[in-house]
Amino acid sequence: MRSGAANGQDVLTDKAIIYSLNVTNIGSEAEKKSYGGADSCRPCPSFNGNTGTCEACPPGNFIDIKSFGCVLCPPGTALNMSSSRIGPESCVPCGPNLDSEDRTQCGFTGNLTLPSNEGANKTVKFDLSPLKNHIIVADGIKVFSREGSSYYHSYNISLFGKSLECKENNMPSVMGFEGTPYVNPVDSQSTFCRSTAVPLKNSQNESAHEKLVFVSSFSIAKKLAAVTQNRSFKNFFLNDKVLEYDSTSIENQPIDIHFFFEPVPSKFRSCPNGTIGVLTARCEPTATKTPQIRLPRTCPDGTCDGCLYHVIVETSHACPICDKNDFEQIRGECKDGRQKIHWIPSKHCVISGAQTREVSEFCTNLNDGTKLLLIIATIVIALLIVAVFAFYQKNKNLEYRYSRLVEGKEPEEMETCGLESDDDDDEEESGTRVIFGKKKSNYVAKMSTHAKNGKSFKNSGYTADAERAEFLSDSTD
Numbered sequence: 001m002r003s004g005a006a007n008g009q010d011v012l013t014d015k016a017i018i019y020s021l022n023v024t025n026i027g028s029e030a031e032k033k034s035y036g037g038a039d040s041c042r043p044c045p046s047f048n049g050n051t052g053t054c055e056a057c058p059p060g061n062f063i064d065i066k067s068f069g070c071v072l073c074p075p076g077t078a079l080n081m082s083s084s085r086i087g088p089e090s091c092v093p094c095g096p097n098l099d100s101e102d103r104t105q106c107g108f109t110g111n112l113t114l115p116s117n118e119g120a121n122k123t124v125k126f127d128l129s130p131l132k133n134h135i136i137v138a139d140g141i142k143v144f145s146r147e148g149s150s151y152y153h154s155y156n157i158s159l160f161g162k163s164l165e166c167k168e169n170n171m172p173s174v175m176g177f178e179g180t181p182y183v184n185p186v187d188s189q190s191t192f193c194r195s196t197a198v199p200l201k202n203s204q205n206e207s208a209h210e211k212l213v214f215v216s217s218f219s220i221a222k223k224l225a226a227v228t229q230n231r232s233f234k235n236f237f238l239n240d241k242v243l244e245y246d247s248t249s250i251e252n253q254p255i256d257i258h259f260f261f262e263p264v265p266s267k268f269r270s271c272p273n274g275t276i277g278v279l280t281a282r283c284e285p286t287a288t289k290t291p292q293i294r295l296p297r298t299c300p301d302g303t304c305d306g307c308l309y310h311v312i313v314e315t316s317h318a319c320p321i322c323d324k325n326d327f328e329q330i331r332g333e334c335k336d337g338r339q340k341i342h343w344i345p346s347k348h349c350v351i352s353g354a355q356t357r358e359v360s361e362f363c364t365n366l367n368d369g370t371k372l373l374l375i376i377a378t379i380v381i382a383l384l385i386v387a388v389f390a391f392y393q394k395n396k397n398l399e400y401r402y403s404r405l406v407e408g409k410e411p412e413e414m415e416t417c418g419l420e421s422d423d424d425d426d427e428e429e430s431g432t433r434v435i436f437g438k439k440k441s442n443y444v445a446k447m448s449t450h451a452k453n454g455k456s457f458k459n460s461g462y463t464a465d466a467e468r469a470e471f472l473s474d475s476t477d
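Numbering (full-length UniProt numbering), first residue to last: 1 to 477.
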């Protein structure tokens, strides 16, 4: 019975611990008889005849209800270990941008593809896998007491599925008490842990380094739930104050990737949705080597309300990987026939290992205007050469024909058809004279014949005009 239950005053800190549980009346292995006791039976996927026991499915496999065989969970899901492990409903889907390689638990692989703000069909890629080699520890501001002692809150975070040991340690000798040092493990399966660190100095040796005592440790989260650029998750919202966006315009806001851990129910009324841990990976192109891990400046102790615990990691690995359209080309000076071409990435992207920052290629000291003039001059010279060659070929043909004429080796057709202009005119004139003489003689002969016969010229049936017309018509023929 809980203390104070008789008078109606319950105490929330009361608890009952069961150290052992004995279940009886479930059967006898020696007698090979089953007496019952279980509320249901689960099919056996593989029975070992030598030992007489049922062998369970490998990790990440569920039992198929039809074939009673083991089936691996689909990609992007993990087997719910607390379920019956029968049927595909035993595989639960992973959170946004999480995956399960062994189908036993969901986690973050380091590679991320998110939609771009530039277009609906464009995406940007991230590679946060280098953060696996870094331990994420964020320390809050120191708070000093009136006696001069100090303490601060320290956060340990695991992003890639590896569990942390959230624990307390105590060294009585350092604190001035007698006793042996001890370690109190609070939670061995934590992924987001907060502890109160108390720096202690050795009173006997002032020059000795401070020793830290971690007390009041508690686990904020046990697993990662989502990786996204959305600012809300399960009734929790990252406002501008937490993200330090108060004095920043939307265009100048940094690129952030938020890691939301699974919320833990809380028994306090101040946190009705429970408590949650959030890590924001912020794009910082200058932080190429060591990530800068800190708490928000607006909430220097890691939380502003006691329900949402927030850590910021500034690193270049949180910037998108540059593609071919994210580079600006800058050409260096041409020296000794070589020129360096620098490819400068845009403000918020980083170069992957497959890309290079600069290349070297052959160059000349001529500017674009000079190159254009040279090209035009080359074209003009080429046209002149073609024209000279054409004229040369034509002149060569004429020279060949002239040489043939001089040597008298032209064909006979050309000798009969080719006449001098003077000869042609003389022949035409002689032909005309011959025809004219012939017509005239015929006319004289006719006249003399009529005279001899004693006929007048008119009685012969001819007139002078008719004779003259006949004479002219014959001459034209």
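What the hints contain is simulated information worked out from the structure, not anything from laboratory work. It cannot be assumed that every hint is accurate.
[Stated by the list, open to error] In silico DSBU-like pairs for lysine-lysine, Cα to Cα no more than 30 Å straight-line:
(1) Lys-396 - Lys-324
(2) Lys-125 - Lys-162
(3) Lys-324 - Lys-132
[Stated by the list, open to error] What follows is a set of in silico ranges between Cβ atoms, one per label pair, in the way DEER data are often shown:
(4) Thr-286 - Glu-361: 26 to 36 Å
(5) His-342 - Phe-268: 27 to 37 Å
(6) Gln-229 - Met-81: 28 to 38 Å
(7) Ser-20 - Gln-229: 46 to 56 Å
(8) Asn-121 - Ser-247: 25 to 35 Å
(9) Ile-330 - Asp-305: 47 to 57 Å
(10) Thr-109 - Met-81: 16 to 26 Å
(11) Ile-381 - Asp-336: 28 to 38 Å
(12) Lys-122 - Glu-361: 28 to 38 Å
(13) Asn-111 - Ile-381: 29 to 39 Å
(14) Asp-301 - Ser-20: 10 to 20 Å
All values reported here derive from a predicted model rather than from experimental measurement. We treat Cβ as the ideally placed atom computed from N, Cα and C, and that holds for glycine.
Here's how the hints hold up against the structure:
1. In summary, the hint linking Lys-396 to Lys-324 is not supported, as the alpha carbons are separated by about 59 Å, beyond the 30 Å threshold.
2. Proposed proximity of Lys-125 and Lys-162 is supported: the alpha carbons are some 24 Å apart, at most 30 Å.
3. For the given pair, Lys-324 sits about 27 Å from Lys-132 by alpha-carbon distance, which is consistent with the 30 Å threshold.
4. Look at Thr-286 against Glu-361: about 29 Å separates their beta carbons, and that is inside 26 to 36 Å.
5. At roughly 57 Å, the beta carbons of His-342 and Phe-268 sit outside the given window of 27 to 37 Å.
6. A hinted range of 28 to 38 Å for the beta carbons of Gln-229 and Met-81 is consistent with their spacing of about 31 Å.
7. For Ser-20 and Gln-229, the hinted distance range of 46 to 56 Å is satisfied, since their beta carbons lie about 49 Å from each other.
8. Between Asn-121 and Ser-247 the beta carbon distance is about 34 Å. The supplied range of 25 to 35 Å therefore holds.
9. Checking the proposed 47 to 57 Å range against Ile-330 and Asp-305 shows it holds: the Cβ atoms sit about 48 Å from each other.
10. Thr-109 and Met-81 have their C-beta atoms about 21 Å apart, which keeps the hinted 16 to 26 Å range intact.
11. Between Ile-381 and Asp-336 the Cβ separation comes to about 29 Å, which falls inside the hinted range of 28 to 38 Å.
12. As the Cβ distance of Lys-122 to Glu-361 is approximately 30 Å, the hint placing it in 28 to 38 Å holds.
13. For Asn-111 and Ile-381, the hinted distance range of 29 to 39 Å is not satisfied, since their beta carbons lie about 58 Å from each other.
14. Take Asp-301 and Ser-20: their Cβ atoms lie about 42 Å apart, and the range 10 to 20 Å is violated.
In summary, the numbered hints that this structure violates are 1, 5, 13, 14.
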